[in-house]
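> What follows is each chain in one-letter form.
There are 2 protein chains.
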Amino acid sequence: MFSQTTEYALRAMACLALYPDQLVATGTLAQMTKVPSNYLAKVLQQLGGAGFIEGRRGVGGGYKLARSAGDINLVQIINAVGRLKRIESCPLGLENHGTRLCPLHRTMDRASALLIDMLKDVSLQDLIGDSQNPTKPLCDRQTMATLSVRGAPAKN
Amino acid sequence: MFSQTTEYALRAMACLALYPDQLVATGTLAQMTKVPSNYLAKVLQQLGGAGFIEGRRGVGGGYKLARSAGDINLVQIINAVGRLKRIESCPLGLENHGTRLCPLHRTMDRASALLIDMLKDVSLQDLIGDSQNPTKPLCDRQTMATLSVRGAPAKN
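Listed in order, the protein sequences are those of chains A and B. Convert by adding 299 to the 1-based position in the first sequence; the result is the number in the working numbering. Convert by adding 299 to the 1-based position in the second sequence; the result is the number in the working numbering.
You may find that some hints are simply not true.
As the list claims (entries may be wrong) - Per label pair, the in silico range of CB-to-CB distance: (1) A:D420 <-> B:D370: 33 to 39 angstroms; (2) B:Q424 <-> A:R440: 48 to 54 angstroms; (3) A:S336 <-> B:G357: 18 to 24 angstroms; (4) A:R440 <-> B:Q344: 28 to 34 angstroms; (5) A:G392 <-> B:S367: 28 to 34 angstroms; (6) A:G357 <-> B:G397: 34 to 40 angstroms; (7) B:P433 <-> A:G428: 23 to 29 angstroms; (8) B:Q431 <-> A:S388: 16 to 22 angstroms; (9) A:D420 <-> B:A340: 30 to 36 angstroms; (10) A:V358 <-> B:Q424: 55 to 61 angstroms; (11) B:A349 <-> A:R356: 39 to 45 angstroms.
Claimed, not checked - Simulated pairs of lysine-lysine, DSSO-like, Cα-Cα distance not exceeding 30 angstroms: (12) B:K384 <-> A:K384; (13) B:K384 <-> B:K341; (14) A:K384 <-> A:K333; (15) A:K363 <-> A:K333; (16) A:K419 <-> A:K384; (17) A:K419 <-> B:K384; (18) A:K419 <-> B:K341; (19) A:K333 <-> B:K384; (20) B:K363 <-> B:K419; (21) B:K419 <-> B:K333; (22) A:K341 <-> B:K419; (23) A:K363 <-> A:K384; (24) A:K384 <-> B:K419; (25) A:K384 <-> A:K341; (26) B:K384 <-> B:K363; (27) A:K384 <-> B:K341; (28) B:K341 <-> A:K341; (29) A:K384 <-> B:K333.
As the list claims (entries may be wrong) - Covered by chain B, according to a simulated footprint, are these stretches of chain A (three or more residues, beta-carbon under 8 angstroms): (30) 309-322; (31) 379-391; (32) 400-414; (33) 417-424; (34) 427-434.
Quick caveat, the hints were computed from the structure, so don't treat them as lab data. Glycine included, C-beta positions come from ideal geometry on N, C-alpha and C.
Okay, chain A solo, but in the shape it has when bound (with noise of 0.2 angstroms):
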């Protein structure tokens, strides 16, 4: 349901999260997202674009959240790279359908609104912070270590 390039948007996001006021090398949000470079360039393009994050890339380059995790929420990531919007007219442009739609986009703008409901309720510290759910997105028991202990990326 989700495009791969909003999956890796969320990956990137989750990352930088994790690491907060730190400049994380982009071969260390390549490596920790599983994400390949040129792909994540551009990710990070559009989400900087979008002013959720900001750095430089290249080598030696890196980037951090422009804001605080607890103020992005996913609906704001999904919409810096894709879109998850409601219906507000006819997409056919049907003059008879116009803004009451008929039941195939009423269905799929009810369909968005329940998903932008959810997911407006979600902010980036939600999935770094979840008491309930102590995994950490992206770590694996040693990431999990070290963040635990340093709370430093590693360089790259």
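Fit chain B to the supplied structure of chain A, relying on the hints for placement.
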């Protein structure tokens, strides 16, 4: 949220459902769904491969539903051309996440579950025979009038 291909597949299926047991010409399908012919041909091939439609492509070709519109739900159509499935194990293959998933993928799985639950209860028939919403998918006023008189698609 839904991909272009998913949107087009739903339109094509709705169009065929409007004319049950009739071979709808590919030109008519393209015209009513407003989908570019080449793109539509690929979508129809996928829908045929999944066993939802039958017919033949090319000049003089046409398609019809291979089963009753009441027996096809929207999750099935979406999965014929894309992917709307639960997340059953860590997409990154991390052992410590396994099938329990981290908070990121558990949230994405919860979103998928919500959508599947909603859309599996909507059949193709529900979209074209909704008594609460007499507007038919893809149909402008003129097509609605033709449908109510003859039920036959224009030849093309």
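> All hints are to be evaluated individually against the structure, with a verdict given for each.
How the hints compare with the structure:
1. Between A:D420 and B:D370, the C-beta spacing of about 36 angstroms keeps the proposed range 33 to 39 angstroms intact.
2. For the pair B:Q424 and A:R440, the supplied restraint of 48 to 54 angstroms holds, since their beta-carbon distance comes to about 50 angstroms.
3. Range check, A:S336 to B:G357: Cβ separation about 43 angstroms, and the 18 to 24 angstroms hint is violated.
4. In this structure the hint that A:R440 and B:Q344 lie 28 to 34 angstroms apart at CB is violated, the actual value being about 45 angstroms.
5. For A:G392 and B:S367, the Cβ-Cβ distance of about 30 angstroms falls inside the hinted range of 28 to 34 angstroms, so the restraint holds.
6. Between A:G357 and B:G397 the beta carbons are some 36 angstroms apart, a value that agrees with the proposed interval 34 to 40 angstroms.
7. Our hint of 23 to 29 angstroms for B:P433 and A:G428 is violated, since their Cβ atoms are close to 49 angstroms apart.
8. For B:Q431 and A:S388, the Cβ-Cβ distance of about 19 angstroms falls inside the hinted range of 16 to 22 angstroms, so the restraint holds.
9. Look at A:D420 against B:A340: about 41 angstroms separates their beta carbons, and that is not inside 30 to 36 angstroms.
10. Checked against the given bound of 55 to 61 angstroms, the beta carbons of A:V358 and B:Q424, roughly 58 angstroms apart, stay inside it.
11. Our hint of 39 to 45 angstroms for B:A349 and A:R356 holds, since their Cβ atoms are close to 41 angstroms apart.
12. Between B:K384 and A:K384, the direct Cα distance comes to roughly 21 angstroms. Compliance with the 30 angstroms bound is thereby established for this hinted pair.
13. Using a Cα cut-off of 30 angstroms, the hinted pair B:K384 and B:K341 holds, with the two alpha carbons roughly 22 angstroms apart.
14. Our distance criterion of 30 angstroms between C-alpha atoms is met by A:K384 and A:K333, whose separation comes to about 28 angstroms.
15. This hinted pair checks out: A:K363 and A:K333 have alpha carbons roughly 18 angstroms apart, not beyond 30 angstroms.
16. Between A:K419 and A:K384 the CA atoms are separated by roughly 12 angstroms; this keeps the pair inside 30 angstroms, and the hint holds.
17. For the suggested pair A:K419 and B:K384, the alpha carbons sit about 21 angstroms apart, so the restraint of at most 30 angstroms is met.
18. A threshold of 30 angstroms between alpha carbons decides the hint, and for A:K419 with B:K341 the separation of about 35 angstroms lies outside it, so the pair is violated.
19. Proximity of A:K333 to B:K384 is assessed by CA-CA distance (about 21 angstroms); at most 30 angstroms being required, the pair is judged to hold.
20. The hinted pair formed by B:K363 and B:K419 meets the criterion: a straight-line CA distance of about 22 angstroms does not exceed 30 angstroms.
21. Straight-line distance between C-alpha atoms of B:K419 and B:K333 comes to about 26 angstroms, which keeps the hinted pair within the 30 angstroms bound.
22. The straight-line distance between the Cα atoms of A:K341 and B:K419 is roughly 35 angstroms, outside the 30 angstroms bound, and the hint therefore fails.
23. Proposed proximity of A:K363 and A:K384 is supported: the alpha carbons are some 27 angstroms apart, at most 30 angstroms.
24. Between A:K384 and B:K419, the direct Cα distance comes to roughly 21 angstroms. Compliance with the 30 angstroms bound is thereby established for this hinted pair.
25. A C-alpha spacing of about 22 angstroms is found between A:K384 and A:K341, which places the hinted pair at or below 30 angstroms, so the restraint holds.
26. Restraint check: the Cα-Cα separation between B:K384 and B:K363 comes to about 27 angstroms, which is no more than 30 angstroms; the hinted pair holds.
27. Restraint check for A:K384 and B:K341: satisfied, since their Cα atoms lie roughly 26 angstroms apart, inside the 30 angstroms limit.
28. As the CA atoms of B:K341 and A:K341 are separated by approximately 28 angstroms, the hinted pair is consistent with the 30 angstroms bound.
29. About 21 angstroms separates the Cα atoms of A:K384 and B:K333, which keeps this hinted pair within 30 angstroms; it holds.
30. Only residues whose beta carbon comes within less than 8 angstroms of a beta carbon in chain B count, and the stretch 309-322 of chain A has 3; three or more means the coverage holds.
31. Check on the stretch 379-391 of chain A: 6 of its residues sit with their Cβ under 8 angstroms from a Cβ of chain B, so the three-residue criterion for coverage holds.
32. For the stretch 400-414 of chain A, the assignment as covered by chain B holds, since 13 residues bring a beta-carbon within under 8 angstroms of that chain's beta-carbons and 3 suffice.
33. Chain B is given as covering the stretch 417-424 of chain A, and this holds because 3 residues of the stretch bring a CB closer than 8 angstroms to a CB of that chain, at least three being needed.
34. For the stretch 427-434 of chain A, the assignment as covered by chain B holds, since 4 residues bring a beta-carbon within under 8 angstroms of that chain's beta-carbons and 3 suffice.
Checked against the numbered hints given earlier, the structure breaks hints 3, 4, 7, 9, 18 and 22 and satisfies all the rest.
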